[in-house]
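Participant: Sequence:
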Amino acid sequence: MTEIPEALSYDDVLLAPQASAILPRDVDVSSALHERIRLNLPLLSAAMDKVTEAPMAVALARQGGLGVIHKNASVEAQAAMVEGVKRSESGFINDPVTLRPDDPVDRAFDLMAHYRVSGFPVVDGDGALVGIITNRDLRVDIEPGSRVHEHMTRDGLITAEPGTTLSQARDVMQVHRVEKLPIVDPDGRLTGMFTFKDIEKVHKYPNAAKDARGRLLCAAAVGTGPGSEERAAALVDAGVDLLAIDSAHGHATGILEFAGKLKDRHPDVVLMVGNVATGDGVRACADHGADVVKIGVGPGSICTTRVVTGVGMPQFTAILEAARAGAELGVATIADGGVRYSGDVVKALAAGATAVMVGNLLAGTDESPGELVLAGGRRYKEYRGMGSVDAMRAGSADRYFQADKAAGSAAEAREPAKLVPEGVSGLLPYRGTVGEVTAQLEGGIRSGMGYLGATDLADLADRARFVRQTAGGMRESHVHDLDVVHEAPNYQVPGSG
Numbered sequence: 001m002t003e004i005p006e007a008l009s010y011d012d013v014l015l016a017p018q019a020s021a022i023l024p025r026d027v028d029v030s031s032a033l034h035e036r037i038r039l040n041l042p043l044l045s046a047a048m049d050k051v052t053e054a055p056m057a058v059a060l061a062r063q064g065g066l067g068v069i070h071k072n073a074s075v076e077a078q079a080a081m082v083e084g085v086k087r088s089e090s091g092f093i094n095d096p097v098t099l100r101p102d103d104p105v106d107r108a109f110d111l112m113a114h115y116r117v118s119g120f121p122v123v124d125g126d127g128a129l130v131g132i133i134t135n136r137d138l139r140v141d142i143e144p145g146s147r148v149h150e151h152m153t154r155d156g157l158i159t160a161e162p163g164t165t166l167s168q169a170r171d172v173m174q175v176h177r178v179e180k181l182p183i184v185d186p187d188g189r190l191t192g193m194f195t196f197k198d199i200e201k202v203h204k205y206p207n208a209a210k211d212a213r214g215r216l217l218c219a220a221a222v223g224t225g226p227g228s229e230e231r232a233a234a235l236v237d238a239g240v241d242l243l244a245i246d247s248a249h250g251h252a253t254g255i256l257e258f259a260g261k262l263k264d265r266h267p268d269v270v271l272m273v274g275n276v277a278t279g280d281g282v283r284a285c286a287d288h289g290a291d292v293v294k295i296g297v298g299p300g301s302i303c304t305t306r307v308v309t310g311v312g313m314p315q316f317t318a319i320l321e322a323a324r325a326g327a328e329l330g331v332a333t334i335a336d337g338g339v340r341y342s343g344d345v346v347k348a349l350a351a352g353a354t355a356v357m358v359g360n361l362l363a364g365t366d367e368s369p370g371e372l373v374l375a376g377g378r379r380y381k382e383y384r385g386m387g388s389v390d391a392m393r394a395g396s397a398d399r400y401f402q403a404d405k406a407a408g409s410a411a412e413a414r415e416p417a418k419l420v421p422e423g424v425s426g427l428l429p430y431r432g433t434v435g436e437v438t439a440q441l442e443g444g445i446r447s448g449m450g451y452l453g454a455t456d457l458a459d460l461a462d463r464a465r466f467v468r469q470t471a472g473g474m475r476e477s478h479v480h481d482l483d484v485v486h487e488a489p490n491y492q493v494p495g496s497g
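Every letter in the sequence shown is one number past the one before it in the numbering used here, and letter 319, counting from 1, is 319.
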């Protein structure tokens, strides 16, 4: 037998403090996954059906991160979530949704409900602006079957010319007390639009992660089962910025071949492939078109892959090896799983990861899917691994190469013996809003960088000097020698909750 190397988890290491003249507030925590995807907070939300749908993706992008919308939904539903994120705010809208004068008002109501907006510009067949219709125009005595032109505002429209800046648009809307400012060219054609709500959001969330057109960044997951190519195409059409091939074993021939196919068909979309846990895995993904590689086999709090299969890699060692290969190839690496505290995020970034993906820490927030559950006087939200029986039945079985076992009749799908789960379901304590959670995580990252004197994430990785800690050291690191602990918002006693 060959010599067995040692592998370490986050709990096995600490970063040694260093001389520093850097204050936490002055460090730069931004990170580039790709030339077109720059995050102002190096955090991604997991592509899990109890973590990321449109509300999570919007909330995290506003904080500077990136949400990855899960694929346990129909193609149409997932694409609609992506479109919802991309249209949620932009400051300037290049392609506003419009109505025609002869459209029925029912269509206006449907679009208002679908996009959650208050109104739309009305254009003729040549694209010329002829009016605006808002919910104020549709409040009283609307006849069924009536047309948009019967209710729209057509006189005294406030418009602006192409080239109007965000601040100029805000001034115009404040002076004229309008919520929408159409941009029309010299021929009267609509070329775009500002909305006051979007401008306010720009000021409220100055660190939001956005694309070149000022829209929030959004990622979405695809599998490799039947219909995956059609799903990917629909997501690209909806405006997705990053496609994530979601698999428990990204270093598999079928996954790699599918990655190459997607990259050929959608060369302008950033492609993330995973999961892997070795440098060879990163190199294989990069060879097949991956721009970003996701690292982690079995570290998640609801993942049982290592116990069920005997396969995996402690996450800290996996990141060290994978990030080294990624740096050599110019490929971004995402540390996925195993994060319990903000200090684990700092360790992952210091080990070379470009960013960190979390599920557990975001699953109990207001913006995660699902309802609050009361149990024992406390509030909880459901959380489940994509390898759990319930999630696999809902559509994630192909992630674990078991799609054939999840297929078949409804009666067959109800037989748990047909699936070999690699995850569990459970409840997580309610954690408040995404903004509250990310504020604590960002604060921990900034403090960690301050302890090392690191000005940015590249400097953090360069300056990092890790030490091993014993089990005694880990006990010393946590709260100890207290009978009662009033927990802080960024710390929970191990084993509690």
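Any given hint might turn out to be false.
Pair by pair, the computed Cβ-Cβ distance ranges are [as the list claims (entries may be wrong)]:
no. : residue 1 : residue 2 : range
1   : Asp-126   : Arg-379   : 51 to 59 angstroms
2   : Val-424   : Thr-165   : 26 to 34 angstroms
3   : Gly-163   : Val-493   : 37 to 45 angstroms
4   : Ser-447   : Asp-126   : 54 to 62 angstroms
5   : Leu-23    : Gly-432   : 22 to 30 angstroms
6   : Val-373   : Asp-171   : 43 to 51 angstroms
7   : Glu-76    : Thr-470   : 52 to 60 angstroms
8   : Gly-214   : Val-493   : 21 to 29 angstroms
9   : Thr-304   : Ser-30    : 48 to 56 angstroms
10  : Ser-30    : Gln-469   : 42 to 50 angstroms
Rather than coming from a laboratory, the hints here were simulated on the basis of the structure.
Predicted, not measured: the structure shown is a model, and the values here were computed from it.
Each residue gets a CB set at the ideal place from its N, CA and C atoms; glycine is no exception.
Participant: Each hint should be assessed against the structure and marked as holding or not.
Facilitator: So, going through the hints one by one against the coordinates:
| no. | hint | result |
| --- | --- | --- |
| 1 | Asp-126 <-> Arg-379: 51 to 59 angstroms | holds (55 angstroms) |
| 2 | Val-424 <-> Thr-165: 26 to 34 angstroms | violated (52 angstroms) |
| 3 | Gly-163 <-> Val-493: 37 to 45 angstroms | violated (57 angstroms) |
| 4 | Ser-447 <-> Asp-126: 54 to 62 angstroms | holds (58 angstroms) |
| 5 | Leu-23 <-> Gly-432: 22 to 30 angstroms | holds (27 angstroms) |
| 6 | Val-373 <-> Asp-171: 43 to 51 angstroms | holds (47 angstroms) |
| 7 | Glu-76 <-> Thr-470: 52 to 60 angstroms | holds (53 angstroms) |
| 8 | Gly-214 <-> Val-493: 21 to 29 angstroms | violated (43 angstroms) |
| 9 | Thr-304 <-> Ser-30: 48 to 56 angstroms | violated (35 angstroms) |
| 10 | Ser-30 <-> Gln-469: 42 to 50 angstroms | violated (30 angstroms) |
The structure is inconsistent with the numbered hints 2, 3, 8, 9, 10, although it conforms to all the rest.
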